[in-house]
Amino acid sequence: MHPVVKLVAQRLALGVLLLLAASVLIFIGTQILPGDVAQSILGQSATPQSLANLRAELGLDVPAPLRYLHWLWAALHGDLGVALTNGQDIAEAMGKRLGNTLFLAVTAAVIAVPLAILLGLLAVRYQGRWPDRLISTVTLATVSVPEFLLGYIAVYFLSVKFRLFPSLATVYDSMSFGEKLYAISMPVLVLVLVVLGHMMRMTRAAILNVMQSAYVETAELKGLRPFTIIARHAFPNAIAPVVNVVMINLAYLVVGVVVVEVVFVYPGMGQYLVDHVAKRDVPVVQACGLVFAAVYIGLNLIADVVSILANPRLRHPK
Amino acid sequence: MMRIPPSALIGLFFTALYFGAAIFASWIAPYGMAQIVGDSWEPWSNAHLLGTDSIGRDLLSRMIYGGQTTIFIAAASTVLSFGLGSILGFTAAVSGGWIDQVLSRIIDLMMSIPSLISALVVLSVMPVSIPVLIVVMGILDSTRVFRLSRAVAVDITVMDYVEAARLRGEKLIWIIFREILPNALSPLVAEMGLRFIFAVLFISTLSFLGLGVQPPLADWGGIVKENKEGIVYGIPAALVPAVAIATLAISVNLVADWVLNRTTSLKGGRG
Amino acid sequence: MLLEIKGLKIEATAYPPGEAPVDITIVEGVSVSVEAGKVLGLIGESGAGKSTIGLSSMAYGRGGVRITQGQVMLNGRDILKEGTGGLRKLRGREVTYVAQSAAAAFNPAKKLMEQVIETTLHHGLMSKAEAEARAVTLFRRLGLPDPETIGGRYPHQVSGGQLQRVMTVMALCPKPDLVVFDEPTTALDVTTQIEVLAAIKEAIIDTGVAALYITHDLAVVAQVADHILVLQNGARVEYGTTDQIINAPRQAYTKALVSVRSIEHEEKGAAPPVLSVKDITARYRGTDFDVLSNVTVDLPEAQTLAIVGESGSGKSTLARVITGLLPPSGGEITFAGRTLAPDFNNRKRDDLRELQMIYQMADVAMNPRQTVGTIIGRPLDFYFGLRGAEKKQRIQQLLDEIEMGKGFLDRYPAELSGGQKQRVCIARALAAKPKLIICDEVTSALDPLVADGILKLLLNLQKVEKVAYLFITHDLATVKAIADSIAVMYRGRVVRYGPKSEVLTPPFDDYTDLLLSSVPEMKIGWLEDTLAHRTMEAAGN
Chain A
1 MHPVVKLVAQ
11 RLALGVLLLL
21 AASVLIFIGT
31 QILPGDVAQS
41 ILGQSATPQS
51 LANLRAELGL
61 DVPAPLRYLH
71 WLWAALHGDL
81 GVALTNGQDI
91 AEAMGKRLGN
101 TLFLAVTAAV
111 IAVPLAILLG
121 LLAVRYQGRW
131 PDRLISTVTL
141 ATVSVPEFLL
151 GYIAVYFLSV
161 KFRLFPSLAT
171 VYDSMSFGEK
181 LYAISMPVLV
191 LVLVVLGHMM
201 RMTRAAILNV
211 MQSAYVETAE
221 LKGLRPFTII
231 ARHAFPNAIA
241 PVVNVVMINL
251 AYLVVGVVVV
261 EVVFVYPGMG
271 QYLVDHVAKR
281 DVPVVQACGL
291 VFAAVYIGLN
301 LIADVVSILA
311 NPRLRHPK
Chain B
1001 MMRIPPSALI
1011 GLFFTALYFG
1021 AAIFASWIAP
1031 YGMAQIVGDS
1041 WEPWSNAHLL
1051 GTDSIGRDLL
1061 SRMIYGGQTT
1071 IFIAAASTVL
1081 SFGLGSILGF
1091 TAAVSGGWID
1101 QVLSRIIDLM
1111 MSIPSLISAL
1121 VVLSVMPVSI
1131 PVLIVVMGIL
1141 DSTRVFRLSR
1151 AVAVDITVMD
1161 YVEAARLRGE
1171 KLIWIIFREI
1181 LPNALSPLVA
1191 EMGLRFIFAV
1201 LFISTLSFLG
1211 LGVQPPLADW
1221 GGIVKENKEG
1231 IVYGIPAALV
1241 PAVAIATLAI
1251 SVNLVADWVL
1261 NRTTSLKGGR
1271 G
Chain C
2001 MLLEIKGLKI
2011 EATAYPPGEA
2021 PVDITIVEGV
2031 SVSVEAGKVL
2041 GLIGESGAGK
2051 STIGLSSMAY
2061 GRGGVRITQG
2071 QVMLNGRDIL
2081 KEGTGGLRKL
2091 RGREVTYVAQ
2101 SAAAAFNPAK
2111 KLMEQVIETT
2121 LHHGLMSKAE
2131 AEARAVTLFR
2141 RLGLPDPETI
2151 GGRYPHQVSG
2161 GQLQRVMTVM
2171 ALCPKPDLVV
2181 FDEPTTALDV
2191 TTQIEVLAAI
2201 KEAIIDTGVA
2211 ALYITHDLAV
2221 VAQVADHILV
2231 LQNGARVEYG
2241 TTDQIINAPR
2251 QAYTKALVSV
2261 RSIEHEEKGA
2271 APPVLSVKDI
2281 TARYRGTDFD
2291 VLSNVTVDLP
2301 EAQTLAIVGE
2311 SGSGKSTLAR
2321 VITGLLPPSG
2331 GEITFAGRTL
2341 APDFNNRKRD
2351 DLRELQMIYQ
2361 MADVAMNPRQ
2371 TVGTIIGRPL
2381 DFYFGLRGAE
2391 KKQRIQQLLD
2401 EIEMGKGFLD
2411 RYPAELSGGQ
2421 KQRVCIARAL
2431 AAKPKLIICD
2441 EVTSALDPLV
2451 ADGILKLLLN
2461 LQKVEKVAYL
2471 FITHDLATVK
2481 AIADSIAVMY
2491 RGRVVRYGPK
2501 SEVLTPPFDD
2511 YTDLLLSSVP
2521 EMKIGWLEDT
2531 LAHRTMEAAG
2541 N
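Chains as they are written, first to last, in the working numbering: chain A, 1 to 318; chain B, 1001 to 1271; chain C, 2001 to 2541.
What the hints contain is simulated information worked out from the structure, not anything from laboratory work. Don't be surprised by glycine CBs; every beta carbon is placed ideally from N, CA and C. Be a bit skeptical, because a hint or two may be false.
Below, in silico cross-link-like pairs of lysine to aspartate or glutamate (EDC-like), each with a Cα-Cα straight-line distance of 20 Å or less [stated by the list, open to error]:
hint : chain 1 : residue 1 : chain 2 : residue 2
1    : C       : K2110     : A       : E220
2    : C       : K2081     : A       : E220
3    : C       : K2348     : B       : E1163
4    : C       : K2391     : B       : E1170
5    : B       : K1171     : C       : E2354
6    : C       : K2433     : B       : E1163
7    : A       : K161      : B       : E1229
8    : C       : K2175     : A       : E220
9    : B       : K1171     : C       : D2343
10   : C       : K2089     : A       : E220
11   : B       : K1228     : A       : D275
12   : B       : K1171     : C       : D2381
13   : C       : K2038     : C       : D2226
14   : C       : K2433     : B       : E1170
15   : C       : K2348     : B       : D1257
16   : C       : K2111     : A       : D275
17   : C       : K2435     : C       : D2351
18   : B       : K1171     : C       : D2350
With the Cβ distance kept under 10 Å, some of the chain C side facing chain B (calculated, not the full set) [claimed, not checked]:
hint : residue
19   : G2324
20   : R2349
21   : M2357
22   : A2429
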C-alpha cells in the first residue's frame, strides 16, 4: 500500500477513535459528577419520592457504563433521545437547527477564508510597512473583544444608529435565499470579524516562514520575478500550513457560532444548546455536545489529512 | 539599564490600573454594588459618570465591582491552569516514556472538544458557583498550558547541558528547577498573560450566556447581559464592558509581546 | 577583467537585547578581482565575511546586510548601480550560486529537473528540450547515477552528496560567466567530499567558467583555486597565487592557517586499560537494525583512543552506550576495574564522577542562565561537597588550568568566545577529577586555529591530570595530532584497531585506505594525485 494511503487511513481511524473517546468524556461530564442529574433538575427542595421517580424515568438506577452503551448505541442509529423539558424528540428538533447553523457558519467561512488569506498575503508583501501594521493593529483589536460584545457593538452602530441591517437574525422556511442572507448579515459579519484576526495572523506567519527558507533565496538568486517566486516556490510549500490554519480557525468558528446565535436570537444549534444548559436538560446537552465535538474533530482531521497529502516526502517516498 | 518600549509601558500602566481598581474596589466605587440610586438607564452625569443600568444602579460602581469579580475569577483560574498545566507538562517532558504518552493522550482527548462546549456540558449538571467556575475553567485551560510547557521543556531537555546534569547524577527536582525552568520562564510568563486574557473572555462569555457569575453579583459579562435590551433603544450601557475588556486584553497582550520579544532577542543575540 | 570588487564596505544592523539597534561593519576595504575562466578562493574563519563578499558579486545581501561603499564591476559595469530589474537579468544569467546546504536550497515540492533548468528557461537562453539535454550532459559529467532519469526525482529522494552535485549542475546549466561556490563540500563526509570536489573541479575546467570558491578549509581551496584571498574579521589579510599562499605565506595569520594541525604527538607505550568495551551490540528503540555490532576496544589509562568514522558509522552511539544513555543489547563495559551498569541511572556516583563528557557544541552544553562559576562549581559541590571560599579557590585553580585566568567567574556563556566556551566545558569535566573524559567531536565546530589551541590544552592536561580520553571524531588530522591508539569504525563495526603507528601504516583495508586518502592535504595537486592513484589501483585489480 502507498504510505500516504496508509497514513491517511491511520488518521481517519484515529479520528473515529477520538470521537468515541470524546463521547465517553461528554457522558462522564454529565453523569458521574457530584450530585446527580435528578437532584440538579428538581433542585434542593425535591422530595425523596419525586427524586426516586425521576431517577427511574431517566434510567439512573442502571450502572453508568451500561447507560453509556445504550446511549451510544441509540445515537449511532440516529436516536438521540427525548428532551426532559418538553418531551420532544431531540434528533428531530436538532435537524432544522443544525441546517441553520451550518448555513450561518458556511456563509461566514466563504467570506472569511479568502479574505484572511488575501490580507495575510498583503501583510507579507508589505511586511513591516503601513499596510502590514494597519492589518495587524485592526486584527489585534478584533481578537481582544469577545464575540458577544463585537455583536452588540455591530448592532448599536449598524442596526440602531445607521439602520442598515436587522438587529435580530430571524429566519423562516418561507424566506427566499436572498432574504435569508440579508437576515443573517449581522451574525455573519461578527463571525467573520471573530475568525479573521486569528486566521490572518496565522496565515501571515505561515507564509513568512516559507518566504525565509533557503529555497526562496535560491529562487531570488536565479533572478526570478517576485510573483514567480511566490507562485512557483513559496505557494506550493505554504498550502499545507495555510490549510491547517484555515481548518483550526473554522473549528474555532464552530464555537463562536454558539455565542453569536444567542446575541442575534438565531434559531440554531448554539441557541438550542445554551437554552437547555440553563434548563439542565441533560439529554439535549449531551446530544449537542456530541454534534459540536464531531464537527470540531472532523475539521481538525481534514487539516491533518491535507498536510499529509501536501507533503512531497510522503507523496513521493524514496 | 533595561529599555522598556513605549507600547509595553502603556500596557503595564493599564494592566496595573485595572488590577489596582479591582483590589481597591470597595474604596474607589462611588456607590454600592447593588445599590439602586436612580431611574433605569439614566444618561451620563456628574453624579453617575457612566450613567445608570437597567434597574437604576450606578454603572461605574457596577463596572468596578464587576472588574473585581471578573479579574479575580480569571486570575484564580489562570493560577490553577498554570500550576496544573506546567507541572504536568514538565513532568511529561522530563520523564518521557509512558508517563508522557498517557498524559499527552489525555490532553489530546480533552482538547478534541472545544472548551466552551465542555464547560457548557459540565455546567449543565454542576451548581453554578464561583469556585466551580474557577475549577472548570482552570482545568479546561490547563490543557493549553500543558502543551506549551511540554513543548518548551522538550526543546530544553534535548540540550546537552541537561544531559550533562543527568549524567552527573542530578535528581529530577534539580533538573526541572535549576536547568529547565530558568530557560523556560520567559515564554511561560508571556503565555500566562495570554491565558489570563483568555480566562477573562471565557468567564465574560459564560456570564453573558447566563451560566457564569449569577446576579446580583456584578461581572463584566453579566453587565452586558443585564443591559443588552437597551441597545435596541440606542442606549450604549451594554457596550461599556466592551471597552474595559478590550483595553485590558490589549494591554496584557502588549506586555506579553514585550516579554516574548525579549526572550527571542536573547536567543538570537550572539552577545 | 570579469569581476572587479573595489573598496567594498558591508554593514548590518544588530539588535542587542534590551538596547538600541547598532550598525556593525561586516566587511571593510576589500578589493579583489577575478579574470574570466579563473578560480578565486576566498578563505577565512567564521565571521571573516567570506560568504558576504561572495554574495556581493550578485549584489545580494542576506538577512538585512547592506553594501554601503565600493564598487562591484561585473563585465565592465557597476552592478551596485543596477535597479531590481537589471539585477534580475544578471542573477542566474551572468552569475549563479551554489549553496552550502543543497538540501535546504532545493524546493522540496518540485522535481530536480524543473529546478535545474528553471533559470535557463526564465532568461530565455535555450528551448526546454535543449536545456534538458544540457542538464543530462552535465549530470553525466558530474558523475551522477542515472543521468537520464535523476531529474525526475524529488530533492529528498537523492543523497546529500548527489544533491550538492545537482546544485552545481543547476548553477552551470545557464552557461554563466561566474559561479559562486559557498562552502559546497563542508557539510559532506570526507569520502564524499573528495568526489564532489573532483566533480566540481572538472566541471569548472570543462565549461571554462570563472568561480569564487568560498571555504574555511585551506587544503580544499588549494585544490581548485588559481588565486587565494585570505580574510580575517571582514578585512583582507593576504592575496596571492595559490602556490604563493600555500608554499610561501607572508602574513603570520596565513602561516598559522597553513601550518595548522601539525602538532607532534609521541605515541605512548602499553599500559593497563581504564576502559574495556567488550562485544558491545546496540540498537535504538523501535528500530530493527544494530547501530553497533560486536564492538570491542580497550583504552589504556592516561592515554587517548580515537574513534574515527563518518556520519552513520556509530561512533557517537558508542559514546552514548559507554555513558549509559543507551543501554546496549549485548556485551559488557569494564571501567576502572568495575563492571558498569548498562543504564546510567543504576550507576554508582563514583562511576558517574570518574567518567565525564565534553560535547561538540559548547553552546548548548552549558546552561545559558548559569555563570561560569556556577557551571564549574556544581560538580565540586555535588561530588565533593565543596562550599564557599574553598570552592571558589578550586574554581579559580581550574580556570587557571584551562588558561583563562581571572575575571570569568561571573560571566555568562553568551559572553564567551567559541574557544572559551569549550574550555569552560573542559574545566567542568576536570572538576569531577575523572579517570576518563569522552570527547565527542569537541573541535569540529571550532575554527582551525582555535581547535588547535584546544587540542594542545587537552594534551597538556593529560600529562598533568593523568586522564584518559576517548576521542570521537571524523577528522583524521585531529586523530594524528592526539591519539595513542585508533579504532576506525564503519557501519557500526570496528574495521581497524590498534596503536596509532600500526593503524596508519600500510597495508590498509579498503575502507581505511579510502578514508585516509580522502583527507585533503595542504599540497597543490593532491586531488589529482589521489584520483590518479585510485584509478591505477582500480586498474591493477
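Status of each hint after checking the structure:
1. C:K2110 / A:E220: Cα-Cα ~16 Å, so holds.
2. C:K2081 / A:E220: At roughly 18 Å apart (the allowed maximum being 20 Å), A:E220 and C:K2081 satisfy the hint.
3. C:K2348 / B:E1163: Holds, at roughly 17 Å.
4. C:K2391 / B:E1170: holds (19 Å)
5. B:K1171 / C:E2354: holds (18 Å)
6. C:K2433 / B:E1163: holds (19 Å)
7. A:K161 / B:E1229: Holds - the C-alpha atoms of B:E1229 and A:K161 are around 15 Å apart, at most 20 Å.
8. C:K2175 / A:E220: holds (18 Å)
9. B:K1171 / C:D2343: Roughly 15 Å separates the two Cα atoms, so the pair holds.
10. C:K2089 / A:E220: Within the cut-off at roughly 11 Å; holds.
11. B:K1228 / A:D275: holds (17 Å)
12. B:K1171 / C:D2381: Holds: B:K1171 and C:D2381 sit about 14 Å apart, inside 20 Å.
13. C:K2038 / C:D2226: holds (6 Å)
14. C:K2433 / B:E1170: Roughly 17 Å separates the two Cα atoms, so the pair holds.
15. C:K2348 / B:D1257: Distance ~46 Å between C:K2348 and B:D1257 Cα, so the pair is violated.
16. C:K2111 / A:D275: Judged against 20 Å, a Cα distance of about 56 Å means the pair is violated.
17. C:K2435 / C:D2351: holds (10 Å)
18. B:K1171 / C:D2350: Satisfied, since the Cα-Cα distance of roughly 16 Å is no more than 20 Å.
19. G2324: With Cβ-Cβ at 8 Å, under 10 Å, it holds.
20. R2349: Since chain B brings a Cβ to about 6 Å from C:R2349, closer than 10 Å, the hint holds.
21. M2357: holds (6 Å)
22. A2429: holds (9 Å)
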